[in-house]
Amino acid sequence: DLIVANDVTAKDGGFGSDRNAATLITRDGADTSLPLMPKRELADRILDALQPFIKRAASPTPH
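To convert, count from 1 in the sequence shown and add 5; that's the working numbering.
In short, the hints are calculated from the structure, not lab data. Model, not experiment: these values are computed from the prediction. Where a beta carbon is used, it is the ideal one built from N, C-alpha and C, also for glycine. Careful: at least some of the hints might be erroneous.
Label pairs and their in silico Cβ distance ranges [to be verified]:
| id | residue 1 | residue 2 | range |
| --- | --- | --- | --- |
| 1 | 53 | 12 | 19 to 25 Å |
| 2 | 58 | 11 | 15 to 21 Å |
| 3 | 24 | 58 | 35 to 41 Å |
| 4 | 60 | 23 | 18 to 24 Å |
| 5 | 44 | 67 | 25 to 31 Å |
| 6 | 15 | 65 | 37 to 43 Å |
| 7 | 58 | 19 | 22 to 28 Å |
| 8 | 37 | 62 | 18 to 24 Å |
| 9 | 37 | 60 | 17 to 23 Å |
Turn these sequences into a full structure, and let the hints steer you where they fit.
Pasting the structure below:
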């Protein structure tokens, strides 16, 4: 599980802006702050963080 949290009230980011920042929170409570950056770059960083989850879900279940 991965939660992506962003502060939509933050100055210079969020709605109406080309930039945003976010915090990624994993099931075990570990968090990673992603600083203000272009939204396209932020999306790439989120997808990078999702890769282990996608690979795990695509792996055959051991019997």
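Are residue 60 and residue 23 spaced within 18 to 24 Å by their CB atoms? Distance hint for residue 60, residue 23 is violated at roughly 31 Å.
Is 18 to 24 Å respected by the C-beta to C-beta distance linking residue 37 and residue 62? 20 Å, holds
Is 25 to 31 Å right for how far apart the beta carbons of residue 44 and residue 67 are? 39 Å, violated
Taking the beta carbons of residue 58 and residue 19, is their distance inside 22 to 28 Å? Check passed, 25 Å falls within 22 to 28 Å.
Whether the CB-CB distance between residue 15 and residue 65 falls inside 37 to 43 Å: 42 Å, holds
For the range 17 to 23 Å, tell me whether the beta carbons of residue 37 and residue 60 fit it or not. Given about 18 Å between the Cβ atoms, the range holds.
Verdict for residue 53, residue 12 (Cβ pair) under range 19 to 25 Å: Holds: the Cβ-Cβ distance is about 21 Å, inside 19 to 25 Å.
Residue 24 and residue 58, beta-carbon distance inside 35 to 41 Å? 26 Å Cβ-Cβ, so the 35 to 41 Å window is violated.
Note whether the CB distance of residue 58 and residue 11 lies within 15 to 21 Å or breaks it. At 19 Å between Cβs, range holds.
Hint compliance for this structure: hints 3, 4, 5 are broken, all remaining hints hold.
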